[in-house]
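Peer 1: Respectively, the protein sequence lines represent chains A and B.
So that you can map any letter, position 213 of the first sequence is 213 in the numbering used here, and since no number is skipped, the others follow by simple counting.
So that you can map any letter, position 152 of the second sequence is 454 in the numbering used here, and since no number is skipped, the others follow by simple counting.
Bear in mind the hints are in silico, worked out from the structure with no lab data behind them.
Fair warning: this is a prediction, and the values are worked out from it, not measured in the lab.
Each hint should be verified, as a subset may be incorrect.
Counterexamples of contact, computed for chain A against chain B with all Cβ distances above 10 Å [said to hold, decoys possible]: (1) S61; (2) I105; (3) I193.
So the derived list for chain B, only partly shown, Cβ under 10 Å to chain A, looks like this [said to hold, decoys possible]: (4) G366; (5) P373; (6) V378; (7) V383; (8) F392; (9) L395; (10) F406; (11) L407; (12) A408; (13) A413; (14) A449; (15) T514; (16) R516.
Chain A is nowhere near these chain B residues, computed Cβ spacing over 12 Å in every case [claimed, not checked]: (17) A317; (18) L326; (19) N340; (20) S352; (21) P386; (22) T396; (23) S501; (24) T518; (25) V533.
Glycine included, C-beta positions come from ideal geometry on N, C-alpha and C.
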Amino acid sequence: MSQFLEQLLNALVIGSFYALVALGYSMVYGIIRLINFAHGDLYMLGAFFGYSALLLLGRISLGSGVTGVLLAMLIAMGMTGGLGVLVERVAYRPLRGAPRIIPLITALGMSLFLENAVMVFKPWGASFRVYPVTLGRAGFDLFGVHIGYAHLAIFAMALFLMVGLHLFVERSTYGKAMRAVAFDLEAAQLMGINANRMISLGFFLGSIMAAAAGVMAGLYYGQINFLMGFIVGLKAFTASVLGGIGNLPGAMVGGMLLGVLEVFGTSSVGGQWKDVFAFGALILILVFKPTGLLGERTAGRM
Amino acid sequence: MAMLELSGIHTFYGAIEALKGISLKVEEGEVVALLGSNGAGKSTTLRTVSGLLRPRQGEVRFQGQPIAGLPPDEIVRLGIVQVPEGRRIFGPLTVEENLEMGAFLARGQKARIQEDMARVYDMFPRLKERRRQLAGTLSGGEQQMLAVGRALMARPRLLMLDEPSMGLAPNLVQFIMQTVREINQQGVTVLVVEQNARSALRLATRAYVMETGRITLEGPAAELARNEQVVAAYLGGGR
């Protein structure tokens with residue numbers, strides 16, 4: 001029982017990261033049918049922006065407390081959001097209307113570009129960076145298991161962001177306009193909706209979710225590296241396919257499910273099998289239910 | 303000055319010249335019909351006006367102002383709104399949300415949106431009954447009503463309808479045409495594209511006939527309805 005609880009909490013935290021990153025994959029796919037393979041690198045960049053923000057905030061002695069962490073997260077989200085919009089603007093928009101394979105290859109190129117740019121950027125570099133803030137061990141005991149407040153806070157924050165995004169997309173005028181563009185870009189334009197702006201908004205929202213996950217991952221694992229987005233990106237892509245790509249609740253469910261699968265899978269057969277579970281799940285879902293778990297239930301693509 | 307004026311428009315799809323020098327005029331308050339068979343270039347003409355396509359040559363003027371090359375949302379802002387062929391309503395959004403999207407440029411102006419929505423529901427009570435329903439579940443006729451209502455939410459000065467009667471039962475065609483007439487009587491200028499020439503000529507004041515990217519005939523609707531060529535080609539001639 002105690003082991004189970006501990007694993008469950010880990011699964012929820014890791015699943016939150018996958019889910020937050022998966023949202024961006026799904027949202028971008030929903031709007032412009034592009035699998036943005038550079039998306040995992042935005043998660044990595046979010047972690048690095050958070051790292052630098054924490055260092056800077058540390059100099060004005062704001063860096064360690066809850067306020068500092070939240071502030072750093074906001075800064076990282078803003079920077080990464082802007083960067084995501086920029087990536088779309090320079091790399092994908094000029095290819096709108098081109099055969100789909102072309103922006104896909106561009107996305108792979110963008111991914112390599114971002115990774116290598118971080119690697120050669122002096123303050124960040126190629127080696128592992130230790131996150132300036134580590135999570136406190138404070139918490140409480142439940143059935144003999146130590147539950148860290150920090151872990152709960154990560155999960156709660158992820159949940160808060162996901163619910164916020166969901167409400168925005170479902171209820172706000174801009175969210176509805178984004179869904180309208182996703183469903184029928186031309187018809188949306190005929191209603192006076194600036195499709196390019198909605199596409200930018202999709203990239204912005206996806207990127208800030210990834211950045212939040214990146215900062216939280218930095219805090220959780222304690223170290224970051226310019227390649228950290230690669231595997232997480234693939235896993236989050238798996239999660240979005242698992243839930244039904246283009247479907248936002250599906251991406252959240254898929255991410256959580258993948259976290260659970262991975263943590264419980266590896267705890268029973270060993271850590272070296274970790275990636276086998278995730279990508280095995282991808283293959284199974286593609287073979288048996290390519291629309292994903294929630295892929296058919298909704299009429300729309302978002 | 304005409305409300306809408308196209309002069310010498312050439313529009314291409316890749317290497318294919320779909321419009322080969324179209325010139326036409328729509329005066330304020332008119333209902334103008336654009337007739338012709340499949341592939342004549344009627345939809346291309348509307349898509350060129352609404353900014354979905356950019357003409358390679360020629361000019362589009364709206365109230366004297368050149369608009370060719372403006373993005374579609376700017377053109378909607380000027381008061382030109384198109385009801386696209388095949389309705390193209392937003393299936394995963396509710397009926398009410400579809401109407402809200404029609405008023406996208408007026409977002410935030412709650413009173414105006416409420417007022418316009420009430421007017422649309424007045425015109426199409428069926429939509430009011432189904433306001434919370436996903437638009438994708440509506441019948442074809444209801445979807446056409448929604449497409450027209452959604453366009454009205456943008457407060458058009460020039461309403462362009464692309465095949466509004468397509469796939470509808472005769473009594474629904476009549477209802478839609480009657481509604482378009484009412485909309486016109488409320489001061490909205492109308493440009494309607496139709497393959498159903500009979501009902502379009504009944505509705506319109508003037509009409510143009512298109513063939514393979516060119517305008518071949520034009521004149522008052524009543525006159526065209528008696529024209530032998532038109533009768534033979536589009537009105538099931540000989541009868």
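Peer 1: Quick one: work out the minimum CB distance from A/I105 to chain B and report holds if it exceeds 10 Å, violated otherwise.
Peer 2: Check passes; 23 Å lies beyond 10 Å.
Peer 1: Have a go at the B/A413 hint: is there a Cβ in chain A nearer than 10 Å to its own Cβ?
Peer 2: violated, 15 Å
Peer 1: Under 10 Å is the threshold here; is the Cβ of B/R516 close enough to any Cβ of chain A for the hint to stand?
Peer 2: This interface hint is violated because 25 Å lies over the 10 Å limit.
Peer 1: For the hint on B/A408, just tell me whether its beta-carbon gets within less than 10 Å of chain A.
Peer 2: With Cβ-Cβ at 9 Å, under 10 Å, it holds.
Peer 1: Find the nearest Cβ of chain B to the Cβ of A/S61 and say whether that gap is larger than 10 Å.
Peer 2: holds, 42 Å
Peer 1: Given B/V383 as an interface hint, is the shortest Cβ-Cβ distance to chain A below 10 Å?
Peer 2: holds, 7 Å
Peer 1: Hint check: is the beta carbon of B/A449 less than 10 Å from a beta carbon of chain A?
Peer 2: Hint holds; B/A449 Cβ to chain A Cβ min 9 Å, cut 10 Å.
Peer 1: Go through the hint on B/L407 and say holds or violated, using the shortest Cβ distance to chain A against 10 Å.
Peer 2: holds, 4 Å
Peer 1: For the hint on B/L395, does the least C-beta distance to chain A fall short of 10 Å?
Peer 2: Since the shortest Cβ distance to chain A is 6 Å, the answer is holds.
Peer 1: Identify whether the interface hint at B/P373 stands, where standing means a beta carbon of chain A within less than 10 Å of its own.
Peer 2: This interface hint holds because 7 Å falls under the 10 Å limit.
Peer 1: Per the CB criterion, is B/G366 less than 10 Å away from chain A?
Peer 2: violated, 22 Å
Peer 1: Going by Cβ atoms, does B/T518 stay more than 12 Å from chain A at every point?
Peer 2: Holds, since 28 Å exceeds 12 Å.
Hints 3, 4, 13, 15, 16, 20, 21 and 22 from the list above are not met by this structure, while the remaining hints are.
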